[in-house]
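Asker: Sequence:
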Amino acid sequence: MVTIKKKTIGNKEYYYLEHSFRKGKSVKKKELYLGHEIPKNIDEIKRDFISSIYKEKWYEILEKIKTGFSREIKSMPKSDREKATEAFMVRFTYDTQRIEGSKLTLRETANLLEKGISPNKKPLRDIKEAEAHMKVFYEVLEYKKELSLNVALYWHKKLFNETKQDTAGKIRKHGVVISGSKFTPPLPVEINPLLNDFFSWYSKNRAKIHPVKLAALVHLKFVTIHPFGDGNGRISRLMMNFVLKKHKYPLFDIPYTNRNSYYNALERSQTKNEESIFVQWFIRNYIKENKKYLLF
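Quick note: the sequence shown uses the working numbering, first residue 1, plus one each step.
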């Protein structure tokens, strides 16, 4: 995390931005001199400082992952690519649903989505939402236009049309709380302006920000707005993978077993209003999940 440090030399005070990070086996420290006073545009300076650190720390690795992924895809027959996509879809559907409380196991999810075998004694809602998620996932992969409010509402409606017909594809008009979280989502009156700001930000920055960082920010910003009564996490994770797919990076699954770390990074980022906390968590875990492509 970037911190502001004050140094006193003689009778004068000097301010710096400071950030320590691990690169390989060593710990590196970066400093940026701010002046005798903290500048008014400190937030902008922080963002630029963090971006420069990301470039040094991660971007070269991410490009190697993209290259390795591309080589693997090109070497695979079409049937094998389809099997790999299906395997990811099953795992991603299981994890994204399980994080939100689904009772289906990974094996039950695979049997349901690959073979059409419904599990016994499991909630019908979980079954219907897993099937709907599979369909929306494939639509996301085929979607060629840019993210917009209309497509987010459409995906949400497709995902919940059979289980939550009264709220599917609709912006919430009531306050919500997130169980176990210190973060309180925006009030209903704030949602539409925040969504307008979000999609405007995306339109202006989609070609400027590194795609993996962009995917992390799309997820964080959308889930923080929390525009729906339910399904915000699932839609934001689909949007995240839309960004990765569009820029030809490997897709990303956040495992259910890693949910506590994931929730903690989200909550800390939201309560501290510090995007870099979640972005750093995201990139570290993305590299970990895709490290096999560094060998290609």
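Derived by calculation from the structure, the hints in this document are not laboratory data. Glycine included, each C-beta is placed from N, C-alpha and C at the ideal position. Any given hint might turn out to be false.
[Claimed, not checked] Okay, the calculated beta carbon distance ranges per label pair:
{"#": "1", "residue 1": "189", "residue 2": "71", "range": "18 to 24 Å"}
{"#": "2", "residue 1": "85", "residue 2": "43", "range": "38 to 44 Å"}
{"#": "3", "residue 1": "6", "residue 2": "151", "range": "28 to 34 Å"}
[Claimed, not checked] Once the Cα atoms are required to be at most 25 Å apart in a straight line, the calculated DSS-like pairs of lysine-lysine come out as:
{"#": "4", "residue 1": "135", "residue 2": "145"}
{"#": "5", "residue 1": "145", "residue 2": "246"}
{"#": "6", "residue 1": "66", "residue 2": "40"}
{"#": "7", "residue 1": "246", "residue 2": "46"}
{"#": "8", "residue 1": "245", "residue 2": "28"}
{"#": "9", "residue 1": "158", "residue 2": "182"}
{"#": "10", "residue 1": "221", "residue 2": "246"}
{"#": "11", "residue 1": "245", "residue 2": "158"}
{"#": "12", "residue 1": "83", "residue 2": "144"}
{"#": "13", "residue 1": "83", "residue 2": "55"}
{"#": "14", "residue 1": "30", "residue 2": "288"}
Asker: Could you tell me which of the numbered hints above are not met by this structure, giving the numbers in increasing order?
Answerer: Numbers 1, 3, 6, 7, 8, 9 and 13 - these are the hints that the structure violates, sorted from lowest upward.
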